[in-house]
Amino acid sequence: MRLAHAFAPMSLFAAASLAMLGNAASSSPPSLTASASASAAPKRRAPERPRPSPLANHTIPREESEPPKPEEWRNAPMVAPTRASSSASRRCRAYLVREWLKLNCDLSAAAIRQLAGPHQGVLLWVTPTPEGGFFADKPMAQIIAPMRPGSPSVFQIYEISGGEYEGVWAEPSYLLDIQWPEAEPQPKVVLR
Amino acid sequence: MRFGSTQFCSLALFASALLTGCSDRGGGEAPTSAQSGAQAPGPAGSAATAEQPRGPKAPSLSGASLARAAEDDALYVADEDHRALRVVPLPFQRDAEPKTIALPGRPAQVLAASGRVFVTVREIDESGAGALLVHARTPSGLAEQARVALPGDAWGIAITPDERRAIVTSAWTAKLSVIDLEKLTVIATLDVGREPRGIAVMPSGDRAYVSHLVGSGVTRVDGLAGEAPTASSVALPAAPLRSPAGVELSASLGYAAVANAAGDRVYFPRHALGALGGDAWWGTPAVDVLLPGREGQPDRALSGRFKPAMPKTRNALFEQVEKGRPWSPGVMPHSELGADAFVQPRAAVLRPSEETLLVASEGTDELVELDAQLSDPSFGVIRRHKITIHRETYYDVATRCGAPSGIALSSDEAAAYVHCRSTDEVVMVSLARGDGQYHSVPPPALKLVAGEADESMSLGRRLYYNATDGVMSGKLACAGCHPEGREDGHVWHEVRFAPDDQSDSFMSGREPFVNFVGHEAQADALMQRWKVKSEEVRGEPGRVSAAGHPRQTPMLVARVAAQGPYGWHGESKDLPARLVAGFTLHRWSSDWNADSLAVARAGHLVKFLREGLVAPPRAKAEPSAEALRGKAIFESKEAMCSSCHVAATGYTDRSVVPLLPAPPPPRGFVRESNEAFKTPSLLFVGGSPPYFHDGRYATLLELVEKNADRMGRTSHLSAEDKKALVAYLETL
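So the sequence lines, in the order shown, correspond to chains A and B. Per my numbering, the very first residue in the first sequence carries number 1; after that it's consecutive. Per my numbering, the very first residue in the second sequence carries number 1; after that it's consecutive.
Fair warning: there could be bad hints in the mix.
[To be verified] Each pair of labels, with its calculated beta carbon distance range: (1) B:227 x A:56: 39 to 47 Å; (2) B:294 x A:58: 17 to 25 Å; (3) A:69 x B:545: 42 to 50 Å; (4) A:56 x B:164: 32 to 40 Å; (5) A:163 x B:659: 57 to 65 Å; (6) B:529 x A:58: 38 to 46 Å; (7) A:57 x B:261: 20 to 28 Å; (8) A:135 x B:97: 57 to 65 Å; (9) A:58 x B:81: 48 to 56 Å; (10) A:56 x B:230: 33 to 41 Å.
[Unchecked claim] Among the chain B residues that face chain A by a calculated CB cut under 7 Å, a handful are: (11) 294; (12) 310; (13) 316; (14) 335; (15) 336.
Hints in this document: simulated from the structure, not taken from any laboratory. For every residue, glycine included, the Cβ atom is placed at its ideal position computed from N, Cα and C.
Bound conformation, chain B alone (with noise of 0.2 Å):
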């Protein structure tokens, strides 16, 4: 039995058996959306009919990368980069001989249940369809009972407490699929905002809240336990005690979230793109707290917002403190408690017997425990688990246990079981209870695969999830903006600063260098406290109004085949050249630009970016009418598309043009000194709003109506023509 056979290509439900001899891997075509499901044929008693498995409750609602049986018996890791499922057994030991299931592709993750185990699979064999794997436990091992084709990219899962819904997200179709898992059908398919990821289901079962990779707003949906589901977006501005006055910032990396068992607290463990605390020029790590409306009040946010001008009181001693040691902590307006308390937080389980939030801090290679009782956990650290074993002498980056990405809790809580993807191990640590610390040995580690045949690949993943190295990530990893090596979808202010000549600052003699901020008054907080200046900053010290050039973060996968140039003006003549630079606009010097360090790690970074990072999945639906038409005006003399974008080299030539003068740059930010930008590719353009380098049109339709002829010729169109280039553009 094939999936995704011609037989089956019209159901939303594959029933099917390994046990009958289903292959691992098949063919042909699937379904590229599931709008209601159909039940399947199947063998008999596998599928849609048959009774739920009965046995212990699941130990957690919400998916991950790593999961512990209801029985207790085993750990289930989501292999991503392998394709595989691999079962640990409980007791854990080191040396124990973890199992694995070839999966029919990329899972992302897996939930364990009464009897079964569900697993979210990307793309089902390059179909660009989703799915959700369901498996049996059986004497033997487990069977797949069944398969429920799904929007592509399918990563979430969260099921409800009587495990008779599943709730799925997927990704890059930003959609998210409410299913029955009695019936194993699809209920609703529901469209939501960007990159929906994280699940946290309600105890009451009927509403859920969804975490998402690009904004700082949350999906709510309602309904779960009724035929009609529905979602709505609900705001929730990041790090409001970090954020500057009167600002609601964006967020990134939303990559979970978690209820507590009450369903009176859901957090958002995120990334604040902006927020101030010390010299994040990145931002900073938030929980961000929800608290869900009851009997139909509205959801709100449980932290408080900065506010300037609030009551402070010092002491001479303070005073003298502020003078002769700007870079104190103490001295900027914003708490710096926990500005560092994780980089990219991947994942995260809440400890009910400590009320503490343990998060998965991918680029630090730390699980961090936070107390959970806080308005915002991330400023209560209780604990860092370092779960690194050893690090190379040449890079700074893990060679044991590197990147944590999944977390699961025993069943005594005294222990985390954490996958650590870009070194292919399973640790377990040992939680203290209280304020009490470890500074124990290395936690027992257990390696899934073998060895990576390629070193110099293995190299890159784990340089590009790593924000430790001193030499590549000015403590944020490529990850941390390019997750996936997608984007975050956040405008930059790259902003060159000097050394402020009237200071003893200690950058004194120190050359120019540019640097991104996440927000203009970012770039002010470190003027101020680095004794720095810039040409490129508008608006006197604590008003700034504007600064830096507006730079959107880049797609990274499946854009940088091309041999070069890179760059925004295609100032990088290839792309190790553009990695070195990169290293240098993403910390706060240029000391470290173009030395062998760096362009060593280039290197194995290259090809990472080029073989390792997958492209989001592609509907192999043939193009509509609409969009043809759009195609032939995209390649038309008149519109000129296609002889910049040139559809054989990822549509772009790579070439630089000098544009029209663009119209006066968004709010809080400076005019462009140079109007001359490479060709951008547009593969996967339709995926990646915002639009333009400045991120000012939110979507390719108004990227093209307000065009007046800066790229190409798109003002003779008409309304129509414009809506059918889109169409075209959204094939890409």
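Same shape as in the complex, but just chain A (with noise of 0.2 Å):
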């Protein structure tokens, strides 16, 4: 693994990510090829997933922080965004500390911008491409952003679709979008 930062302010994509993902990877359910192992064994009952509590459960401050450390995460707990479609629920997880949102998502992730919202803190992170292919066995997207009062977020993740023969090319597919109007005592956070 490697952080992939081609055209990135440097500073954005701190080496705090590299100890994030090995959290990640270490706390997050199944991915999706040991679901489809576990769906093709039908005596093998799948583990159960953590249940999310709803992000409204939460008291979130509205004063900024400084970014969670690694350790924080490691205890996070596991929350379900205010919406977010089927799939989405399926493929991604999102932690909370404090005001700051952890994303993580199963899925073979090629990218992902920041469209709107502020930067500060904010870690992007995406399984690099494997030597000689395009799909990484565990592939991965990762969104830390801070959920600030009056400022709206909002990330584009980009997947990979095709193949060796028909070629790849980039989509869009999940767009977390985080917005805290300043009247409005909690934010609310779709992903879709």
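Reassemble the complex: the two chains are provided individually, in unrelated frames, and hints are given to aid placement.
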């Protein structure tokens, strides 16, 4: 694994990502590959996913804090976005530390772009392309971003489609939309 | 009793009753505006002081071309093209017989409230005045209870939750009327921006927001519960997530405004002119969400704004894709998610149980369901309901259920009733829950009109709204830039593109072609993506500062009667030729030009443009003394206006006139290579700013003051003369 930062401001891709990704891998539910194996053997029940708690059940500070340290993410509760498509719910998991949100998605992401919002402390990560192939064994996309009152953020994840014969192309897949109007007590997080 | 008779000429309120012999049509003149409503005499118990009927609450506080009765036993359809109100019985059956109530003018919207049905009429009996018709539900059907005279082109309607106030927009005349529904009088008539249309009333009942067909700003109305409501403009830039960096985009096609039940979100589905996203030369769809200010706080846009140089990451595979497939959707800096969500958003409703927004996509014959929780719901298409039942094989246009223009939800929100304007039908669309999809049989449809006698006119009408016909539309219909034959107020970039000889683009070897783009940054993005070049673009890739020649969208209605020539430089000998040329201007290729498929389509469109489109209403008042003085100036030998703008032929002689060189073009455009322009028609010129072919003048007065004798002679005129000339122009 390596950090993908071909044209991103270096400061935005802190070395902490490595540690966080390791954490994510160890704390995340089984990958899609694992799920497929489980379905092929019907007698074995897939391990149950931890049940996320609704984001609205958490008190989220309006004050700004430093980005969480890796050990904080290790114990972070899994939260359910305000709204997520069923596809996104299956493939992505969100975690919360103070006003910081971490999103892990099991997909062949090729790129992530932040379209709007504050970028201080934002971390983006996609699985590197393996040597001689198109798709990693355990592909993942990760976004860490703050939720700030009055400063909506939007992130676009791009997924690789196609294959060896038809070629590959990039497609916009999931959109992470964080909105917290000043007048409202809680942020909304929509993943679609 | 005849509406507009001498007896009632000065009254703002007309109380009449169909039951007592009111004719369907009347003659004479009607008031042209209503500053404050006066109470008119009427049949006992039928008018101003009548107690409000009691019954179930209105299913929707906002009107549409289709409304469900509060009693859930009927649908009401405002059939604008046939001057009728249609009553469709519920439960919905495709073989039901709708009842028809002839109206004294073309209705725009209908709203069903407790025991009453309100209908806006754009123009009563060619009088220039609009009206709100109030129908009471009776055991035998609807009975007209009253007419409230309003400024011409009455269009949108909404009511407050307590049903004590109605708000009506008058589109062409740019007015907003607040009506007391107990006294049936006009409380206030307010001046607002161009083309006010849809209205969303807040749950408090004291405030409303209004969309506009032209421009990105919206109107806020306060004090609805009181006697002195006020209107103010609120900035709401279009599609900030899809905008070029640092640019606030304009909008068009704002037919609808929808507020949620909590009153903390107001949705404005519309078209973002110049927004980036894929191949959208015309811009992209957008649902701009406004956060109404509370406790004195200002209103704000919900969405964040796109910024360049934001964090991004990609892997090596993505880099390979970028190099090998520059047209791949992920390569452009703006997200293309939902950039094709809808085309020409003609109507919208919220579906509260699912927290979704249903949008009638007029151009693609779809009902699109969007995630209303997103900061721009156009990014979240959940479902597309194809409502077209059958298409022609020769023309890719709906023959059953085309141009959806009104939506009403069933009481359980499991179905949506959709009015299809171009085929005169209502369909019932089953709605799924969650992310579920419906790929079911075509929805049941009910025909409102037996059939059109003139097949060419009927086809021309369907083509006009259609954005899917590959020969003609280029993914945007005529109605996309010329809604109702009017115009979107936008100044387009007419750019000549040519394949880049150095690249291996699929465009290589093709003829150069001209295309319109909404913003100079859009020309830049298209050039990068498709590896083409243009000599009419200034700047480096990624930093383009100017592109193409400026071309303001022309108004079509009432201005296309002449044989020819047409085109900015008179380059098209007649209207069919211009339409065929237009098909090419509005697409990313010249390959379709002038073949038989295009010519056939143009023939039907010409029929509809000349006979189907309806001109805006005109006030029938005598011209003022100032306007008469302006007329004399217009026709004088010194000013020479009328020597080219000939009154007998629509204020144009259609000659191509070399103008004196103009000052540098507006920002973002390159200088004209041909300064000879065809004399434009001045019909309805007062309502179609901005002015000059490049839209550099915001008002007619500015045009006259800065004309510098480029058109006729005006520099000798005094300030009063210029004002008088403008006063005359506004009457044309």
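Range hint compliance [Cβ, residue 56 (chain A) to residue 230 (chain B), 33 to 41 Å]: holds, 37 Å
message: Quick check: does the Cβ-Cβ distance between residue 58 (chain A) and residue 81 (chain B) fall within 48 to 56 Å?
response: The hint (48 to 56 Å, Cβ to Cβ) holds, given that residue 58 (chain A) and residue 81 (chain B) are roughly 54 Å apart.
Supplied contact hint for residue 294 (chain B), tested at 7 Å Cβ to chain A: Since the shortest Cβ distance to chain A is 5 Å, the answer is holds.
Restraint outcome when residue 335 (chain B) is required to lie within 7 Å of chain A by C-beta distance: holds, 4 Å
message: Just to be sure I understand the hint, the distance between the Cβ atoms of residue 227 (chain B) and residue 56 (chain A) should be within 39 to 47 Å; is that true here?
response: holds, 41 Å
message: A closest beta-carbon separation below 7 Å is what the hint needs, so does residue 310 (chain B) meet it against chain A?
response: holds, 4 Å
message: Checking hints one by one. Is residue 336 (chain B) an interface residue toward chain A, by the C-beta closer than 7 Å rule?
response: holds, 6 Å
task: Hint says 20 to 28 Å; check whether the CB-CB distance for residue 57 (chain A) and residue 261 (chain B) agrees.
output: holds, 23 Å
- request: Take a look at whether the Cβ-Cβ distance between residue 135 (chain A) and residue 97 (chain B) falls inside 57 to 65 Å.
  value: holds, 60 Å
- prompt: Do the Cβ positions of residue 69 (chain A) and residue 545 (chain B) conform to the proposed distance bound of 42 to 50 Å?
  reply: holds, 46 Å
query: Under the criterion of a CB-CB separation shorter than 7 Å, is residue 316 (chain B) in contact with chain A as hinted?
result: holds, 4 Å
field: Supplied distance hint 32 to 40 Å, evaluated on CB atoms of residue 56 (chain A) and residue 164 (chain B)
entry: holds, 36 Å
Hint violations for this structure: none, all hints satisfied.
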